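S.K.: In the numbering used here, the protein residues as written are 780 to 1036.
Here are the in silico distance ranges between beta carbons for each label pair: (1) A787 / E912: 37 to 43 Å; (2) T807 / E866: 24 to 30 Å; (3) E794 / I983: 44 to 50 Å.
Everything labelled a hint here was simulated from the structure, so no lab data went into it.
Remember, predicted model here, so these are calculated numbers, not experimental data.
Even for Gly, the Cβ is constructed at its ideal location relative to N, Cα and C.
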Amino acid sequence: MNNNITIAGDGYISEGNYDKIKVMGNATSNGNINTDTLKINGEARFNGNLYSKEIKVNGECKIVGDLETKNLKVNGDTVIEGDCKIENLVVNGDLCVFGILECNNVTIRGDLKVNKNINSINMKVYGDLRAKENIEGEDINIYGRINCEGLLTGESVFIFPKGISKCKEIGATHIEVNKPKNIGFWKAKFSLGYGSMGKLQCDIIEGDSIKIKNTKVNQLNGNSIDLISNCDINTIEYIDKLEIGCDCKVLKHTKIG
780 MNNNITIAGD GYISEGNYDK IKVMGNATSN GNINTDTLKI NGEARFNGNL
830 YSKEIKVNGE CKIVGDLETK NLKVNGDTVI EGDCKIENLV VNGDLCVFGI
880 LECNNVTIRG DLKVNKNINS INMKVYGDLR AKENIEGEDI NIYGRINCEG
930 LLTGESVFIF PKGISKCKEI GATHIEVNKP KNIGFWKAKF SLGYGSMGKL
980 QCDIIEGDSI KIKNTKVNQL NGNSIDLISN CDINTIEYID KLEIGCDCKV
1030 LKHTKIG
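With these hints in hand, go ahead and build the complete structure from the sequences.
M.R.: Written as structure tokens, this is what we have:
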């Protein structure tokens, strides 16, 4: 027998297992909820842990606990006070996570704020990303604004900053801060403000291959470093190659090894 629940007005969701939950009004719950699908067009507050295969938030949602789901799509506003385990995350609205965020794939077109670490295999950001601690991934692509107060690390990191973007540290095999070469027209026009590249500010950048422009860094360490244009660097340590654009400022550079 199907165990479905739909709330059109004010309603309460009891702790337990469900097939489908749809909230069109105002819903609250106490205790842990396990459901195959959850769709929120109104307002919902879950006082406990939430487990679901598919979640879509068009309205407002608050989870006072942990979240585990295969797919989460946020078109409205969502606040999660615990930790999150999400296979595929899409944020078109606003998402705030107080705990740790673990994902396979992340796409941000809105605003994502995380108070602890972010762990993701693939990450694409076209909106705003703010992290109080570290961001770790494999393939990280930022086409918007980023503010990382810890370490941003991955196998490949590409950043096309909007406005003033900040990272305390960046560490990766391949690091590039530049305009994107291949990107869809609608993303460029509506999400990126293509052609109006912002500025990236960092304390430390360290990688094997580094190619950057419009970047201000205190310490830059790498094997092969290419300063394309409009860079302000205090100290560079490199192993193999260093290229400095004519309008770049470097106080000190040293070849090591």
